[in-house]
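Visitor: Here are the chains, one letter per residue:
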Amino acid sequence: MEKAIYLSDIKKLSDTDLSGYQRLYFGAEFCEHLIPKVEELKQAYDFAKQAGLSFTLVTPYVTARGLEFAEPLFEALSAFGDENTEVVVNDYGILSMLRERPNSLKPVLGRLLTRQRRGWGLYGSKREIPDKLIKAYQNTAVEVDIVVDFLNSMGVNRVEIDNLLHGVASDFTNINLDASVYYPYGLITTARYCSWAFDGKKWLNITGSCPRTCRGNLLVADHDFFEAKIYMRGNTQFYKKDDLDGLESKGIDRFIFEPEPPY
Amino acid sequence: MKILAPVDHLEEVNKLIEAGADELYAGFVPPEWEAKYTLVGSINKRGYKEAQFSQEADLKKAVEIAHQKNAAFLLTLNVNYYSEEQYEFALKEVERAIDLGIDALIVTDIGLILKIRKEGFPIPLKISVASGVLNPAVVRFYRKLRIESVVLDRTLSVDEIGEIIESSEGISFDVFVMLGLCPNIESFCSFAHYKTDISGMPCVEGYSFDFTNKATANHERWKNLERLRGCGLCALYDFKHLGVGSLKIVGRGFPTPVKLKAIEALSFLRKLLEDNPNITREDFLKEAQSAHKKIQGQDCNPYCYHPYFSKI
Chain A
0 MEKAIYLSDI KKLSDTDLSG YQRLYFGAEF CEHLIPKVEE LKQAYDFAKQ AGLSFTLVTP
60 YVTARGLEFA EPLFEALSAF GDENTEVVVN DYGILSMLRE RPNSLKPVLG RLLTRQRRGW
120 GLYGSKREIP DKLIKAYQNT AVEVDIVVDF LNSMGVNRVE IDNLLHGVAS DFTNINLDAS
180 VYYPYGLITT ARYCSWAFDG KKWLNITGSC PRTCRGNLLV ADHDFFEAKI YMRGNTQFYK
240 KDDLDGLESK GIDRFIFEPE PPY
Chain B
0 MKILAPVDHL EEVNKLIEAG ADELYAGFVP PEWEAKYTLV GSINKRGYKE AQFSQEADLK
60 KAVEIAHQKN AAFLLTLNVN YYSEEQYEFA LKEVERAIDL GIDALIVTDI GLILKIRKEG
120 FPIPLKISVA SGVLNPAVVR FYRKLRIESV VLDRTLSVDE IGEIIESSEG ISFDVFVMLG
180 LCPNIESFCS FAHYKTDISG MPCVEGYSFD FTNKATANHE RWKNLERLRG CGLCALYDFK
240 HLGVGSLKIV GRGFPTPVKL KAIEALSFLR KLLEDNPNIT REDFLKEAQS AHKKIQGQDC
300 NPYCYHPYFS KI
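Chains as they are written, first to last, in numbering that gives the first Met the number 0: chain A, 0 to 262; chain B, 0 to 311.
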């Protein structure tokens with residue numbers, strides 16, 4: 000079992016105790032405006048290496064502008080020449096871009112692209128959800144042979160998932176993909192209509208000049224429909240589940256600890 | 000630019016086409032699927048009966064009528080993913096679609112796309128909005144899977160849409176213009192609101208925050224979201240010049256009069272652009288906002304797909 004820690008805020012690096020972890024995840028998973036600069040990437044990479052950790056860059060879904068933000072990071076990562084370094088992709092455009100580069104970086108299929116359907120677990124005891132339905136929504140899009148072969152052909156040998164509130168049925172033991180799970184925060188939804196970037200008339204992140212006022216802020220909400228609390232970080236909402244029981248026996252060989260919900 | 004409209008039952012087909020729709024899209028949950036996985040766990044992205052053709056015979060007749068009137072008919076098979084067991088059903092639906100003369104399938108799951116291509120099924124594929132196409136590189140990815148057209152994410156601005164179209168020759172693009180605005184990115188959203196009596200609309204209702212600030216106030220703004228009021232009419236001028244393929248109306252399961260009003264507004268504005276190739280953008284915006292008022296009975300509302308153009 001490999002243990003990773005995931006930081007998306009460069010300011011948190013120096014305050015974080017890395018002991019007990021073998022890998023550092025760093026980057027922005029849900030917003031192209033928070034993709035780190037090359038200098039920040041180098042700082043995080045050096046920090047990981049000094050602590051003896053492997054390094055994973057996390058990337059978000061992006062528009063054409065985000066592709067431009069990401070390209071210099073891939074250039075820098077390639078220059079490190081570290082074949083143990085990974086790039087988590089949450090956008091098939093980023094995956095295409097990595098495949099088109101001369102020095103291929105190691106892509107990992109992020110939790111947005113494994114397509115888990117997380118919503119039914121949020122209700123808890125507040126709604127009676129039929130068992131049939133729950134069972135239909137405990138897997139991922141990456142467990143059938145034809146998809147596994149396709150991903151392998153794209154250089155993807157690791158996929159990532161959330162720890163579903165209504166249970167994970169996925170079993171990667173006999174699947175030709177390594178698997179990671181994020182914890183304790185699992186994704187509920189993400190938006191470009193970002194509440195932090197709306198000026199009353201338009202979304203500044205979409206017009207291209209996001210003020211990034213979300214940074215450093217976390218909102219917690221109760222929801223009338225759900226037993227689960229909702230954690231809102233920037234443009235993205237999460238649930239929290241601490242219990243990882245049983246996941247190791249399902250072939251999941253990396254646990255990614257999120258000290259706080261990532262950006 | 001074609002008008003792509005949702006259709007849910009046989010009686011709508013003629014009306015929608017006569018109002019100006021060039022393409023229709025529909026859903027059908029086969030009885031054997033429903034028995035095994037429930038209607039809420041639908042074979043397409045809608046889990047309620049109002050958004051589905053109830054009988055195969057009706058679907059067959061609807062396709063025939065559409066073709067008689069030179070309209071295309073598309074079928075949705077666009078859930079996030081199918082399990083190995085579910086592919087048996089999904090591929091039967093592909094065969095059924097071909098037998099019925101369906102013109103294209105709207106799909107999301109990579110596995111289904113790969114299986115359709117592997118089996119050599121002779122049917123065009125349109126990438127669903129549920130696939131999250133936000134940049135030209137994603138289009139390059141899907142192009143390798145031999146897709147014919149793409150529904151772009153509804154949150155893209157006109158400039159972002161233009162960047163994708165410009166660098167994606169040979170692919171046809173659909174953009175959302177009417178109804179069905181969502182606060183979140185549909186492809187990455189996990190909220191379950193397939194059947195309102197089970198799940199409600201959790202993406203907009205029910206939140207109470209530990210404190211309030213500008214962000215919570217902006218989030219609360221969605222609380223009264225009226226999905227029937229989503230509108231992007233102002234952007235048609237730019238869409239025409241960008242080379243958009245189809246103007247998509249959201250709304251499987253929506254009432255027929257709502258769909259008809261949306262089609263009529265689009266049809267009117269499309270004709271205006273065709274008949275007046277030199278119309279200025281400013282003059283077109285006035286016409287678009289007037290058309291909005293006519294169909295919605297009010298000035299521009301907060302549920303605007305492209306607020307950069309509107310008065311709000």
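If you are wondering where the hints come from, they were derived from the structure by calculation, not from laboratory data.
There's no promise every hint is true.
Some chain A residues flagged as far from chain B (calculated, every beta-carbon gap over 12 angstroms) [stated by the list, open to error]: (1) Ser53; (2) Ser77; (3) Phe79; (4) Asp144; (5) Glu247; (6) Gly250; (7) Phe256.
Quick list of the computed label-pair ranges, beta carbon to beta carbon [as the list claims (entries may be wrong)]: (8) A:Ser248 <-> B:Gly252: 40 to 46 angstroms; (9) A:Pro129 <-> B:Gln54: 21 to 27 angstroms; (10) B:Asn69 <-> A:Glu259: 54 to 60 angstroms; (11) B:His8 <-> A:Thr206: 38 to 44 angstroms; (12) A:Asp198 <-> B:Asp298: 26 to 32 angstroms; (13) B:Asp209 <-> A:Pro71: 34 to 40 angstroms; (14) B:Thr211 <-> A:Pro210: 17 to 23 angstroms; (15) A:Gly250 <-> B:Lys91: 29 to 35 angstroms; (16) B:Glu225 <-> A:Pro129: 45 to 51 angstroms; (17) A:Ser77 <-> B:Glu168: 45 to 51 angstroms; (18) B:Gly296 <-> A:Ala75: 54 to 60 angstroms.
For every residue, glycine included, the Cβ atom is placed at its ideal position computed from N, Cα and C.
Visitor: Find the hints from earlier in the document that the structure breaks and name them by number, from lowest to highest.
Guide: 4, 12, 16 and 17
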